[in-house]
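Novice: Taken in order, these protein sequences are the chains called A, B and C. With the first letter of the first sequence counted as 1, position 318 gets the number 318 in our numbering; the numbers rise by one all the way through. With the first letter of the second sequence counted as 1, position 88 gets the number 88 in our numbering; the numbers rise by one all the way through. With the first letter of the third sequence counted as 1, position 436 gets the number 436 in our numbering; the numbers rise by one all the way through.
In short, the hints are calculated from the structure, not lab data. Only a predicted model underlies this, so the values are computations on that prediction, with no experimental measurement involved. One thing to keep in mind: the hints can contain errors.
As the list claims (entries may be wrong) - With a straight-line cut-off of 20 Å between C-alpha atoms, the simulated EDC-like cross-links for lysine to aspartate or glutamate are:
| id | chain 1 | residue 1 | chain 2 | residue 2 |
| --- | --- | --- | --- | --- |
| 1 | C | Lys57 | B | Asp178 |
| 2 | C | Lys57 | A | Glu5 |
| 3 | A | Lys165 | B | Asp178 |
| 4 | B | Lys186 | C | Asp107 |
| 5 | A | Lys6 | B | Asp178 |
| 6 | A | Lys6 | C | Asp347 |
| 7 | C | Lys329 | C | Asp371 |
| 8 | B | Lys186 | C | Glu74 |
What the hints assert, rightly or not - To be clear about the criterion: a stretch of chain C counts as covered by chain A if any three or more of its residues have a C-beta under 8 Å from a C-beta of chain A, and this derived list gives those stretches:
| id | segment |
| --- | --- |
| 9 | 298 to 309 |
| 10 | 366 to 378 |
Unchecked claim - Heads up, incomplete: computed chain A residues facing chain B, CB under 7 Å, no partners named:
| id | residue |
| --- | --- |
| 11 | Trp88 |
| 12 | Ile139 |
| 13 | Leu140 |
| 14 | Asn145 |
| 15 | Leu153 |
| 16 | Met154 |
| 17 | Val158 |
| 18 | Lys165 |
| 19 | Ile289 |
| 20 | Pro326 |
| 21 | Ser328 |
| 22 | Ala329 |
| 23 | Arg331 |
| 24 | Gly335 |
| 25 | Val346 |
Glycine included, every Cβ here is placed at the ideal spot set by N, Cα and C.
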Amino acid sequence: MLVLEKRPTPSRAWAWGTPFLAVALTMVAGGLLFAALGKDPFAVVRTIFWDPLFGEFAWYLRGQLLVKAAPLALIAVGLALGFRAGIWNIGAEGQYIIGAIVGASIGLAVYPTESRWIFPLMIAGGAFGGWVWAMIPAILRTRFNTNEILVSLMLVYVAETILSKAATGFLRNPEGAGFPGSRNFNTYKAASNPELFAGSGVHWGVIAALVVVIAAHVLLQRHLLGFQIRLAGQAPRAARFAGVSAERLVVFCMGASGALAGLAGLFEVTGPAGQISIDFNTGYGFTAIIVAFLGRLNPVGILLAALLMALTYVGGEMAATNLGLPSSAIRVFQGMLLFFLLAVDVLSNYRIRLAPLSKEAR
Amino acid sequence: MDFYGINPAVLIASLMVAAVPIMLAAIGELLVEKAGVLNLGVEGMMIMGAITGFITAVHTGSPLLGFLGGAAGAMVLSLVFALLTQVFLANQVATGLALTLFGLGLSSLMGQGYNGIKPPRTPHLPFGPLGEIPFLGRVLFSHDAMVYLSVAIVAAVWMVLRYSRAGLILRAVGESHDAAHALGYKVVRIRVMAILFGAAMAGLGGAYISLVRVPQWTDGITAGAGWIALAIVVFASWRPWRVLVGAYLFGGITVLQLNLQAAGARIPVEYLSMSPYLITILVLVIMSSGRGRASLTAPASLGQNFHASR
Amino acid sequence: MKGEVLLGVEGIGKSYPGVRANDDVSFAVGTGEVHALLGENGAGKSTLVKMIYGLVKPDEGRMSLRGAPYAPAEPRAARAAGVAMVFQHFSLFDALDVADNVALGMDAPPPMRELATRIREVSDGYGLPLDPGRLVGDLSAGERQRVEIVRCLLQHPKLLIMDEPTSVLTPQEVAILFATLRQLAAEGTSILYISHKLEEIRALCDAATILRRGRVVGSCVPREVSAREMAELMVGASLKPPARAAGEKGPVALTVEGLSVPSPSAFGTSLKSVGFEVRQGEVLGIGGVAGNGQDELMAALSGEIRTAEGAVRLHGRGIGHLGPNERRKDGLCTAPEERLGHAAAPDMSLTENALLSGAVRKRLTRRGFIDWPATRAFAGEVVKTYDVRTPGIATAARALSGGNLQKFVLGREILQQPEVIVVNQPTWGVDAAAAAFIRQALLDRAAKGAAVVVISQDIDEIMEIADRFAALNEGRLSAPVPVAGLTLERIGLMLGGAHGMHVAEGAIHAGA
Numbered sequence: 001m002l003v004l005e006k007r008p009t010p011s012r013a014w015a016w017g018t019p020f021l022a023v024a025l026t027m028v029a030g031g032l033l034f035a036a037l038g039k040d041p042f043a044v045v046r047t048i049f050w051d052p053l054f055g056e057f058a059w060y061l062r063g064q065l066l067v068k069a070a071p072l073a074l075i076a077v078g079l080a081l082g083f084r085a086g087i088w089n090i091g092a093e094g095q096y097i098i099g100a101i102v103g104a105s106i107g108l109a110v111y112p113t114e115s116r117w118i119f120p121l122m123i124a125g126g127a128f129g130g131w132v133w134a135m136i137p138a139i140l141r142t143r144f145n146t147n148e149i150l151v152s153l154m155l156v157y158v159a160e161t162i163l164s165k166a167a168t169g170f171l172r173n174p175e176g177a178g179f180p181g182s183r184n185f186n187t188y189k190a191a192s193n194p195e196l197f198a199g200s201g202v203h204w205g206v207i208a209a210l211v212v213v214i215a216a217h218v219l220l221q222r223h224l225l226g227f228q229i230r231l232a233g234q235a236p237r238a239a240r241f242a243g244v245s246a247e248r249l250v251v252f253c254m255g256a257s258g259a260l261a262g263l264a265g266l267f268e269v270t271g272p273a274g275q276i277s278i279d280f281n282t283g284y285g286f287t288a289i290i291v292a293f294l295g296r297l298n299p300v301g302i303l304l305a306a307l308l309m310a311l312t313y314v315g316g317e318m319a320a321t322n323l324g325l326p327s328s329a330i331r332v333f334q335g336m337l338l339f340f341l342l343a344v345d346v347l348s349n350y351r352i353r354l355a356p357l358s359k360e361a362r
Numbered sequence: 001m002d003f004y005g006i007n008p009a010v011l012i013a014s015l016m017v018a019a020v021p022i023m024l025a026a027i028g029e030l031l032v033e034k035a036g037v038l039n040l041g042v043e044g045m046m047i048m049g050a051i052t053g054f055i056t057a058v059h060t061g062s063p064l065l066g067f068l069g070g071a072a073g074a075m076v077l078s079l080v081f082a083l084l085t086q087v088f089l090a091n092q093v094a095t096g097l098a099l100t101l102f103g104l105g106l107s108s109l110m111g112q113g114y115n116g117i118k119p120p121r122t123p124h125l126p127f128g129p130l131g132e133i134p135f136l137g138r139v140l141f142s143h144d145a146m147v148y149l150s151v152a153i154v155a156a157v158w159m160v161l162r163y164s165r166a167g168l169i170l171r172a173v174g175e176s177h178d179a180a181h182a183l184g185y186k187v188v189r190i191r192v193m194a195i196l197f198g199a200a201m202a203g204l205g206g207a208y209i210s211l212v213r214v215p216q217w218t219d220g221i222t223a224g225a226g227w228i229a230l231a232i233v234v235f236a237s238w239r240p241w242r243v244l245v246g247a248y249l250f251g252g253i254t255v256l257q258l259n260l261q262a263a264g265a266r267i268p269v270e271y272l273s274m275s276p277y278l279i280t281i282l283v284l285v286i287m288s289s290g291r292g293r294a295s296l297t298a299p300a301s302l303g304q305n306f307h308a309s310r
Numbered sequence: 001m002k003g004e005v006l007l008g009v010e011g012i013g014k015s016y017p018g019v020r021a022n023d024d025v026s027f028a029v030g031t032g033e034v035h036a037l038l039g040e041n042g043a044g045k046s047t048l049v050k051m052i053y054g055l056v057k058p059d060e061g062r063m064s065l066r067g068a069p070y071a072p073a074e075p076r077a078a079r080a081a082g083v084a085m086v087f088q089h090f091s092l093f094d095a096l097d098v099a100d101n102v103a104l105g106m107d108a109p110p111p112m113r114e115l116a117t118r119i120r121e122v123s124d125g126y127g128l129p130l131d132p133g134r135l136v137g138d139l140s141a142g143e144r145q146r147v148e149i150v151r152c153l154l155q156h157p158k159l160l161i162m163d164e165p166t167s168v169l170t171p172q173e174v175a176i177l178f179a180t181l182r183q184l185a186a187e188g189t190s191i192l193y194i195s196h197k198l199e200e201i202r203a204l205c206d207a208a209t210i211l212r213r214g215r216v217v218g219s220c221v222p223r224e225v226s227a228r229e230m231a232e233l234m235v236g237a238s239l240k241p242p243a244r245a246a247g248e249k250g251p252v253a254l255t256v257e258g259l260s261v262p263s264p265s266a267f268g269t270s271l272k273s274v275g276f277e278v279r280q281g282e283v284l285g286i287g288g289v290a291g292n293g294q295d296e297l298m299a300a301l302s303g304e305i306r307t308a309e310g311a312v313r314l315h316g317r318g319i320g321h322l323g324p325n326e327r328r329k330d331g332l333c334t335a336p337e338e339r340l341g342h343a344a345a346p347d348m349s350l351t352e353n354a355l356l357s358g359a360v361r362k363r364l365t366r367r368g369f370i371d372w373p374a375t376r377a378f379a380g381e382v383v384k385t386y387d388v389r390t391p392g393i394a395t396a397a398r399a400l401s402g403g404n405l406q407k408f409v410l411g412r413e414i415l416q417q418p419e420v421i422v423v424n425q426p427t428w429g430v431d432a433a434a435a436a437f438i439r440q441a442l443l444d445r446a447a448k449g450a451a452v453v454v455i456s457q458d459i460d461e462i463m464e465i466a467d468r469f470a471a472l473n474e475g476r477l478s479a480p481v482p483v484a485g486l487t488l489e490r491i492g493l494m495l496g497g498a499h500g501m502h503v504a505e506g507a508i509h510a511g512a
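Chain A with its partners taken away, still in its complex shape:
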C-alpha cells in the first residue's frame, strides 16, 4: 500500500524535476491518445515536438514559437503573481480582449495620422483597458468580499459580447464592404507591431515579455512586495501579522495581471492577428493558466513553459495539416499536461513510501 508522508522541508530537486516528469508522462499518455485516434503516435509526437525546432521549416517555425510564446508568457507571469498570493484571476481572456479593443480604438480613432507617438499611446491604452477590466473583480472583492474567480470569469463572456459588437459595429472597417472586422493594422504603419528583424518572429510583444519576466523575477526574489505576495499565499494569517494589507495585494496582483493581459492583447491585435475580428482571441488567456502552473508560478519557469506550450500550438497545427490530427486534440493534450503536473507536484511536498500491508492490517 502506498502512503504519503509529508516532507519536513519541501524538496527543491522535485520542485524543478516535476515539470519535466509531467511533460514525459504527458507525451506517453498523449501518444496513447493519438494512437486511439488512429494516428502513428511517434510521428505525431515528432511532428509536434521535434519538427518545429529542427525540421524542414524550422527557420520559419522557430519565429512562430516566439510569436505564440510571447502573449502566453506575458499573461502567465501576471496570473502567477496573483496565484502565488491566493488571488485567482481566471478572466485573463476578457482582459486580453478589452486591452486589445481599447488599444486598437486609439489607433483607429486617429487613422490615418502618422506619428511615432501613436503606437506607444496604444500600448498604454491596451494596458489600461486590461487593468480596468481586472479592477472590476478586484474592487468587488475588496469592497464586497465577492469571489474574484466567478466575477473575472463572467466578465470574459461580457468581453466576448463587446468584442463581437466591436468587430461588427463600432470598430468595423468602413471600407471593408460590410464584412466584420476592423481595419488591418499591418497596413497602418504608425499603429502596427511589425516583425523587428525579418524572419525572427520578434515583435514588441516578445521584447515586452522578456522584460516582464525579468522584472517579475526580481520582484519575487528581491523585493519586499514579492515576499509579501508569497507570504500571503502560503500563510494568510502570518501575512496579516507581518503587516501585509490583503486589499492592496488584491488590487496590485489583479491590476498587474490585467494590465499584462491587456498588453498581450494589444500586441497580438496590432501584429500577428492584424485586426479586431470576432474571434481574434484564441484562448491565450485560458492557456496561460496552464503555462503559469507548468512554470511553477516562477517567472523564469513560465518563460520555458510558454515556449513549450507554443511548441504544442505550432507543432499541433503542423500535425493538423500534415497528419490530419484534430485541432482539439492539442487542447486535450494541454489539459493532460496540467493534470500530470498537478499530480506529480505531490512529490515536492510528500514522500511516497511503500508501507507493508501486513503491518497496517495488524
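Following the hints, complete the assembly by docking chains B and C onto the known chain A.
Specialist: Frame of chain A; chains B and C shown alone:
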C-alpha cells in the same frame, strides 16, 4: 397581458426548462461543497456530460440512456479530480480549472462528426387532461421528466442534508475534517462519493442542454452554465431550496432576454446577451456583502485538503 | 491495583520517520481505577492513547481488554469494545448544535428528540448541564468539553480516556470535573487520565505511569510520592525556577483604555471596554480560559485589528489606528499563539521567517529591496542566541519541533529589542526545558526595561513570571492585581468561576 408579444405562460414554462441544467449542476456542487470540496470543474463536467450524453442518445436512440451516459461521462472525468485532490492533495482551485480546460478540449475532440445531427426527442410526460387546464396546464404539465426530476433531486438533497445521518456526517466532514477523522469517519471516501454525485448531476445537466434545450451538438455548448451554477451555490448560501429559486431566477433571465431579442425589443442585442452574466455578478455582490454575508455560512473546511498525519 | 485488570498494554511501540514515538510501553489499568499517564509534551502520551482508541496502529506489542486480545482497527471498533475518548483538541463541529455533535460521536444514536432528552438527563446527572439545541461554536471551552464528556457517557464506556482535560478549565470547573470523574470511577468506569500537571494527578489518580521520550520511566501511587519526585522522573532532571529581579518599575509604557473590538470571526468573542497599564520592567499576566477574547486582544495589540487611536497608547501616544509594522517601528513587538501559520509561515525558511516581522526594526530592506545577507545574519543570530535546534537557517519552519520554533519566534521578537512585548501562550505545547528557557528570556527582557504582557491559559506560568495578574472573561478584563498573595480560589473567581454552572455549584465544595 402580453408585452413584446411574449405569452407569460409560455415564458414561465420555458424558464422551467432553461433552469434545469443549472439547477442540476448547482445542487450537485452544493453537496460537494457541503462536504468541504470546492470543485471549479463544473463547466468541464457539464460539457463532458453534454457530449457523452449526446453520443449515447444518438447511437442508442434512447434519451434515457443518453442521460445516463451523460452522468457517467462526467463521473469518469471527475474521478481525475477526485484522484488529484483527495489522493495527491493537489490544489482544488487549480485542479478544478484544469478539469474545465480539459473537459472543453476533450468534448470538442469527441464531438467531431456530431455537428448538425439531431438527437432523439425526449418526450413530454403524458398528463392527459391536466395539460389542457388553461395557463397551469402549460406551465406545470407540459414538460419532460427531467424538469420534475431536477426539482425532486433538490428536495431529496434537502431531506438528506437536513434529516439523515448520512447528511449529518457529510456536513460534519465539510465543517471540520480533522474532527471528523478523529471520530473515525473516512473523510476521503466520503468526499470522493460527494464529488461523484456532483459530477453525475453536472453530467445530467450537460446532457439536458445537448438533448433537450438546444438540442444538437456544438463546441462550447454549455457557454458558462457551469460557472453560473457555481455562482448559484453562493447565491443559495449553501441551502438547497435557494438553489431552486436561483436556478429559476437565472432561467427566467435567460429566457426573457432571448424572447426580447426575438421580439426585436429596442434594447441592443449585446446588452441582452450579456445580461445573465452581469446579473450573476450583481447577485454575487449582493450575496457576499452586508448582513447576509455568504462567507459566514460556507462550510468551514471548504477548499482545504485533508492529510491524516499522525 | 484497584479491582481486576481492565486494559493491559504490553510492549507497545510506534515509529514515525525520524521519531520513536513509543518504545516498549507496558502498563495496566484496573476496573474503576483512575490511572494517570504522565509525561511532558512530546513524551508520546498522545500517540499511545490514539493507539488505544484505534486512530493509530501500533508497530509492535499487544493490548488486551478484560483479558481478551484487543486491537481496534478504527475508533468505531474501540467504541464498540467500550473505550471512549475526550480529546485534547476538541473533536467538535462549531456550526452544528450540541445534539448533532453528540450524535456524530455515537455509532447508533437514538432519534434526535430522544437523544436530546437523554443528553439533558445524563448531563444533569453528572453535574454538567447542557442545552442540546445550542450551537457548539457559541459555547465556552468548559461547556465544549462537557459536550465531549456527555457524548462518551451516553455510550456507557468501560474505559474513558481523557487527554489533558483541565487545560481549558477554570479551577472551579476543574473541581466539578473531578467530582464527575470520581463518581464515574465509583460506578466502576476506569479512567485513563493524561496530564503533565502534577498536583491534579495527586488529587485525583489512583496510579500513575510516567513516560519520557516514548518509554516508561516509572510508575507510582501519586498520593504517596511528592510532586517533586514525579517531576524529576518526568523531566529527567531537576529544573530551577526562573530568576526574577525585583527591580524598580519605570514609567508607564503601554496603556490600553476603553478597548472594544467586535470579533472578526463567526464564533469569536468581542472585547468589551478592556483597559490596563504596564510599566517598564513589569510583567503583566493576562489569564483566562481559551476563547474568552485572547485572540482578539492579541490582534488589537499587534495591529492586525485597528481600533480608535487612543484605545492603545505607547508612552502616552495613541497607536490604535496603526498597523503592525508602524507599531513595530514605535517599539511594540508581539508573538501570537499559533506558531505555524500565524507567527511563522510553515513552508518558508527560517531566514524568510526572520524577515517576516524583523524587516522594520532590523532594517532588512532598502527602498523596498530585501537585504538577504543581513536577513540571514539576523536569522543566524536568533538561532544562535536562543539555542534553536535546526539543521540550518534554510530549513522550513514546519520542520522544527514546537519548542524550537517557539524559541525562534520569541527570539526573533526579543532580539529586536522592543520596548513593549506582548506574547500569547508563550509555552503552549513546549517541553519543560524550552518552557523554562522562554520564561527566563521574557524575564530578562523585562529586567532590561521592557514592558512585558503575557497572555496565558496556564495559571502556574503566570504565577511564576508575572508581577501583576488580570483575568480575561467573556471579553472583559478584570482590574490587575499584584500576584504576590493571590490564592487559587481568588484567581478562579476572577476567571469567571464555573461558566454557566450555577445549577451544580454545590459540586465545587463537594469536589474541592
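Novice: Against each hint, give a clear statement of whether it holds in the structure.
Specialist: Here's how the hints hold up against the structure:
no.: 1; hint: Lys57(C) x Asp178(B); result: holds, 18 Å
no.: 2; hint: Lys57(C) x Glu5(A); result: holds, 16 Å
no.: 3; hint: Lys165(A) x Asp178(B); result: violated, 52 Å
no.: 4; hint: Lys186(B) x Asp107(C); result: holds, 14 Å
no.: 5; hint: Lys6(A) x Asp178(B); result: holds, 16 Å
no.: 6; hint: Lys6(A) x Asp347(C); result: holds, 12 Å
no.: 7; hint: Lys329(C) x Asp371(C); result: holds, 18 Å
no.: 8; hint: Lys186(B) x Glu74(C); result: holds, 10 Å
no.: 9; hint: 298 to 309; result: holds (count 3)
no.: 10; hint: 366 to 378; result: holds (count 4)
no.: 11; hint: Trp88; result: holds, 6 Å
no.: 12; hint: Ile139; result: violated, 10 Å
no.: 13; hint: Leu140; result: holds, 6 Å
no.: 14; hint: Asn145; result: holds, 5 Å
no.: 15; hint: Leu153; result: holds, 5 Å
no.: 16; hint: Met154; result: holds, 4 Å
no.: 17; hint: Val158; result: holds, 5 Å
no.: 18; hint: Lys165; result: holds, 5 Å
no.: 19; hint: Ile289; result: holds, 6 Å
no.: 20; hint: Pro326; result: holds, 6 Å
no.: 21; hint: Ser328; result: holds, 4 Å
no.: 22; hint: Ala329; result: holds, 6 Å
no.: 23; hint: Arg331; result: holds, 3 Å
no.: 24; hint: Gly335; result: holds, 3 Å
no.: 25; hint: Val346; result: holds, 4 Å
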